[in-house]
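2 protein chains.
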Amino acid sequence: MNDNRPIGVFDSGVGGLTVAKEIKRLLPHENIIYFGDTKHLPYGDKSKETITKFTTKITKFLIKENCKAVVVACNTATSNSIEEIRKAAKDTLLIDVISPVAKKVAYELHQKIGVIATKATVNSHAYQKYIRKYNRHLKVIELATPLLVPIIEEGFRNTPVSRHAIESYLSYKKFEDIDTIILGCTHYPLIEKEVNSVFQGRVKVVDSPLIVVNQLIHEMEKNNLLGNTPDPEYHFYLSDYTENFAKLAKQFFGKSIILEQKRL
Amino acid sequence: MNDNRPIGVFDSGVGGLTVAKEIKRLLPHENIIYFGDTKHLPYGDKSKETITKFTTKITKFLIKENCKAVVVACNTATSNSIEEIRKAAKDTLLIDVISPVAKKVAYELHQKIGVIATKATVNSHAYQKYIRKYNRHLKVIELATPLLVPIIEEGFRNTPVSRHAIESYLSYKKFEDIDTIILGCTHYPLIEKEVNSVFQGRVKVVDSPLIVVNQLIHEMEKNNLLGNTPDPEYHFYLSDYTENFAKLAKQFFGKSIILEQKRL
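Going down the list, the sequences are from chains R and A.
Quick note on the working numbering: the first sequence kicks off at 1 and runs consecutively.
Quick note on the working numbering: the second sequence kicks off at 1 and runs consecutively.
Incorrect hints may have been included.
Because identical chains share one entry, a pair is satisfied inside a single copy or across any pair of copies.
What the hints assert, rightly or not - In silico DSS-like cross-links for lysine-lysine, where the CA-CA straight-line distance does not exceed 25 Å:
1. Lys-262 with Lys-53
2. Lys-247 with Lys-174
3. Lys-119 with Lys-262
4. Lys-250 with Lys-119
5. Lys-173 with Lys-247
6. Lys-60 with Lys-103
7. Lys-60 with Lys-222
Just so you know, the hints here were simulated from the structure itself, not pulled from any lab data.
Sequences are here, hints too, so could you generate the full structure?
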C-alpha cells in the first residue's frame, strides 16, 4: 500500500527549500507542495501573534490540499507557534525543524554548541530548551543574526556582502571556543559553505535538513505514509512572486516545477 | 503668538530620524514627538493595505498627542498611503517626503535622475509620477535597493557589508549616465557618505531632509504654527525597542531624550 498524497512544506521564503530539496533527494517518489510566505517575510522580526496567524493559515491550506504530512520548515515558526500549528494540523503528521536536531545534537559528543538564528528564534530560546531537555550539561550559546535572511532573500549569497556579514557575526566573543554550530534557520544552509570557510574546519556545522528529513522518513514509515509516484510533481505556492525564489526553486527542482501566486 | 504644540514625525524605524534631526537643526525651538514603528519594519516589502493600516493608526495617535503638524518621514508610506494618511490627519498640517523633493528637482537642471528606494516605493513609481507632473521631459530611473534598510537597521553602516551592497546596487547599468541621485528612502541619508564615495563626486546627491524641512517651515509660517519653546522636549515612541534606534536617537538628539515603548 502506497500513499501518494503530497508532502506539505512551508517557510517564510526560500529557506525551507533547503529542507524540501533534501526531501526530494531522499524521497524521490513523493509529490511536494511548498508554500513560501514571501509576502510576509522576514518572520524573524515579527511578534508571536503575527507568526502564529500566518503559519496556522498556511497549515490549514496545506491540509486542504490533501497533504499527508506537513513539515514546518521554519525555525521561527517552530519556536514561536508550534503548538498552535499542531492544533491546526489536527491528525496530520507534523514535523518541525528544531526538536529532531536538538535531540540528535544532545546525544552526541559536544562541549559547547553555538546557534545562529533569527531574533524571534533566539528570543524564544527554543534550541537551549530543547537541547537541555535531553542533556542538561551542554552549553548552548544563541546569537541572533538578523541580516542573514535579507541577504539570502535578496540574492547576495556568495558575495563580499554575505562574506563580511557572516565574518562579523561569527566573530562573536562567546563563539570563540564552540566546537559545533547549528544553523538555526532554514535559510542558513544556503550559506553553509561561507560559514565553514570562516571556521576553517575548526567547528562542526550540523546538517539540520538531513536530520529533519530522516525524522520525516522514520515517521512516514511508521505510519505507512510512503509514496511511490514515478514522476512526482513539485508545486510551489508563493504569497508574493519573487525572482529570487523562482530562481532558487528551479535550481533545486528543475524547470518543470509549478510556480503559482497564492493570496494568504 | 506662538504655537508650542509638538511636531509629529513618523517612520518604520530609524530612517525618519534623518528628517527629525533636520527639524531640530532648523527649528531648534520646537517640541518633537517621533513614532518609530520598529515592530513592523521594514515597510518596504509590505502590501499597500498593511502599510495603510499601520500609518493611519500612527497618524491618529500623533494627532491625539496634540501635534500641530505631522511629517510622514517615510517614502514607502508616502508613496502607498498618503491619501489615507491625509484623511486620518484631518485638518492638521501634513508634510510628506516625496512631493517637495520631486518639485524641487523637477525645476532644476538635470538630464537623468536616478532614484534608489524600497520595493514598495519603486513599484508605486511615485518619484517618476511626481517629478513628471512638474517636468515631463526628465528621465527618471528607479531602482529598488531592498537590502539597505536592513543593513542600516541592524547597525551595519560604514562597514564592508554596507560598502559592498551599495557598490553592487549602484553599478546598475541604467545608472551609468545619471547626473543626480535621489535617496528615496529616509533611511538612506544615513549612508549618504558611502553613496557619495561610490560616485566620487560625479553625481549630485539630493539633500531630501533639507528640502522637506524647508517645506515644513514654509507651511508652518504660513499657518502661524511656529513655536518658541526655549528647552524643547524630544519624545520617541517605539512599537518595539531596538538598541540601534536608541543609539542613533541619542546620537542625534542627546541623552536627555524620552524613549518609550508603545504598542501599536
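Verification of the supplied hints:
1. Lys-262 with Lys-53: So Lys-262 and Lys-53 pass the 25 Å test inside a copy (16 Å) and across (22 Å) alike.
2. Lys-247 with Lys-174: between (36 Å within a copy, 23 Å between copies)
3. Lys-119 with Lys-262: This pair counts as between: shortest inter-copy Cα distance 19 Å, intra-copy 27 Å.
4. Lys-250 with Lys-119: between (29 Å within a copy, 23 Å between copies)
5. Lys-173 with Lys-247: between (36 Å within a copy, 21 Å between copies)
6. Lys-60 with Lys-103: Neither: 28 Å inside a copy, 49 Å across copies.
7. Lys-60 with Lys-222: within (23 Å within a copy, 56 Å between copies)
Consistency with the previously given hints fails for number 6 only.
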